Amino acid sequence: MTAADHRPGGLVGALRDGCVLAGRGVRKIRRNPEHLVDVTVQPVLFLVVFGYLFGGAIAGSTGAYLQNLVPGLLAPSVLMATLSAGVGLNTDAGTGVFDRFRSMPIARSAPLTGVVLAAAVRYLIAVVVVLAVGAALGFRVRTGPVEVLAAAALLVAAGLCFCWVTVFLGMVLRHPDGVQGTAVALFMPLVFASSVFVPDATMPDWLRAWSAVNPVSLLTEVVRGLLNGGPVGGPLAGALAWLAGVLVVFFPLAIRAYHRRVQN
Amino acid sequence: MRPMIRVDGLVKRFGPTTALAGVDLAVPAGRVVGVLGPNGAGKTTMVRVLATLLRPDAGTVQIGGLDVVRDAGRVRRLIGLTGQYAGVDGDLSGVENLVLLGRLLGMARRAARLRADELLARFELTEWASRPSRTYSGGLRRRLDLAASLVGRPEVLFLDEPTTGLDPHVRRELWQLVRELVADGVTVMLTTQYLEEADQLAHRITVFDRGRVVGDGSPDELKRRIGGHTVEVRPAVLTHMGAVAEVIERVTGAAAVQDVVSGRLTVPVGDPDVLAAVARALHLAGIEVAELALRLPSLDEVFLALTGKPALERVAVDGRVS
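Top to bottom, those sequences are chains P and G. Add 26 to the 1-based position in the first sequence for our numbering, that's all there is to it. Add 912 to the 1-based position in the second sequence for our numbering, that's all there is to it.
These aren't lab readings, by the way, just hints derived from the structure by calculation. Please note that the accuracy of each hint is not assured.
Claimed, not checked - Stretch-level coverage of chain P by chain G, calculated; a stretch enters the list once three of its residues show a Cβ under 8 angstroms from a Cβ in chain G:
id, segment
1, 46 to 57
2, 121 to 135
As the list claims (entries may be wrong) - Simulated restraints, written as ranges between beta carbons of each label pair:
id, chain 1, residue 1, chain 2, residue 2, range
3, G, T972, P, R282, 45 to 55 angstroms
4, G, R1021, P, G259, 25 to 35 angstroms
5, G, G1050, P, H201, 24 to 34 angstroms
6, G, E1036, P, C45, 55 to 65 angstroms
7, P, G204, G, R1084, 56 to 66 angstroms
8, G, Q1088, P, G204, 43 to 53 angstroms
Every value quoted in this text rests on a predicted model; they were computed, and no experiment measured them. A virtual CB, placed ideally from N, CA and C, is assigned to each residue, including glycine.
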């Protein structure tokens, strides 16, 4: 009798396998801190460059600008961090390690679950880094810990929805570079054509129209409302609709592409 | 007795390419089958189908009586795989890799750790256990790879070119480890490009060429078909090749294969002592020799014997082998 006979099957077993592999992902992050550049150095650079270079021009003073920029940078940072899910899975899929997992009596979905869950740790790191560095530069949360936790939860949830876009790309494109490039090209219009860096009042009508329905803008408005105080209801409905929409479209696409890629 | 591995009419295509064109194979439990063939012969494709990584296009494959397509989940409980590419995570240490696999197989943390320590000790990796496996030498990594495929105590082990790229002494170490596994009763399928490896480890050798089985038998049977050893002669002067061929034919009674590119002549011999006779005859004929050697038959010669044509790019002027 082998050890494998003791393992639970079905959804519980699949989740357990996924969590074990997520543990592998987290360990790999700890082993390679340089892989955290996208959720540490990059957001900090954005904070410093935009805060000090453009802050005066955009908001009159760096201090006033930072109070809006710090909560604003959270959604883009998490969005860009979802790239690691697609790129990571794409890199894994070609390796002998992946073959070994697939030759083992574990849930077929486990390697995918593992990558997606391990990436969620990075979203949390991104949120903590931006808030911590923001605080060091003078940003202050004007609400309370409950609102901060709510904002973090929403952002991680957003990451868990948007990561299916990059997972889909990771499973249909051959090379990690292609996944990275395509995802960045897709996400850039979301990040910059938004109310993250500048108030949308100065934009031309067509751009303002896009910014108003852009999921990054909507998420940003919710997060600003939660951290700076203010209404969140309106943008929250829009943001949740976006997350649900992305999930409904890309989750099945990603799953299908994954099975096609690993089955053959 | 029911074979542990049974392959019937296995076909696998990749687009227009037929990688496996109807393979039949049966391996009894506790035996080692060596799958021998050049690159592109279909060896790896077959292992991937047997290890449930690829779906066959036609034919059936059973491991321990279970169908690899319909019963893939249960087949996976029986098998271990050491693929051609390192199946260990370079970022994780040796012990972390093994514990991870144990956890995936349903072991509790403690049990997984015990199993990992046991395997690390057995494969003499304890000293390296806590270092990232990316820092391992090729031989160490192969050992860890082999240990990784044994975490779940498989009954059938697939080794896909396990020693390609390894130093000869590391290769011998690995052979010893495989022998110990076989002594434990594990059934092993081993693919290799080296006849010597199959010869050392396998009870039975199956020779592949272009997706088909072109020869099958025990190592002794195969060797008898091509002669036990090969005598290789390179005359100092290229124009003496004809004269050397005559001497060889007179002494051994067999026609030598002449390779005009390398300037070498080879002939299979049943008795290694023939080497001395050839040396004497060449000396008496006054032919100066640059190289004279006795070696085991190469894969080339197995192919020549089994298919009547050279497997690799070698120019055979007189291609007949007894």
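We went through each hint and held it up to the structure:
no. : hint                                 : result
1   : 46 to 57                             : holds (count 7)
2   : 121 to 135                           : holds (count 11)
3   : G:T972 / P:R282: 45 to 55 angstroms  : violated (27 angstroms)
4   : G:R1021 / P:G259: 25 to 35 angstroms : violated (45 angstroms)
5   : G:G1050 / P:H201: 24 to 34 angstroms : holds (26 angstroms)
6   : G:E1036 / P:C45: 55 to 65 angstroms  : violated (32 angstroms)
7   : P:G204 / G:R1084: 56 to 66 angstroms : violated (43 angstroms)
8   : G:Q1088 / P:G204: 43 to 53 angstroms : holds (44 angstroms)
Checked against the numbered hints above, the structure breaks hints 3, 4, 6 and 7 and satisfies the rest.
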